[in-house]
Amino acid sequence: MNVAVPGMEGNKILEGVPHILASTGAACHDLTVRLSHVLSAMGISDHVGMGALRFSTGRENTLEQIETAAQAIVERVAELRR
4 MNVAVPGMEG NKILEGVPHI LASTGAACHD LTVRLSHVLS AMGISDHVGM
54 GALRFSTGRE NTLEQIETAA QAIVERVAEL RR
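Numbers given in the working numbering equal positions in the sequence shown, counted from 1, plus 3.
Keep in mind the hints are simulated off the structure, nothing from the lab. No incorrect hints appear here.
Cβ-Cβ distance ranges computed for the label pairs, FRET-style:
hint, residue 1, residue 2, range
1, V77, S26, 13 to 21 Å
2, E63, P9, 28 to 36 Å
3, S26, E82, 17 to 25 Å
4, R85, P21, 16 to 24 Å
5, D49, A81, 16 to 24 Å
6, A44, E12, 17 to 25 Å
7, E82, M4, 18 to 26 Å
8, H50, V77, 13 to 21 Å
All values derive from a computational prediction rather than experimental measurement. Glycine included, every Cβ here is placed at the ideal spot set by N, Cα and C.
Produce the complete structure using the sequences and hints provided.
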């Protein structure tokens, strides 16, 4: 699943939630802080794409784990917006 937080850098979001395993940008994104060429080719603006977060789940993940991760991301974004 890929979600974006417009106006933020995904890496800044993930720095505050080290217990959540997620990535920024597209699957082929490198380690530089710039919009991935895949998101750019899809027509995603820098404003949106730089805030992209990519999550993967497996069959052993529970709904509770997903909800906990989502809540942690929401809280981190709120913290950064203050």
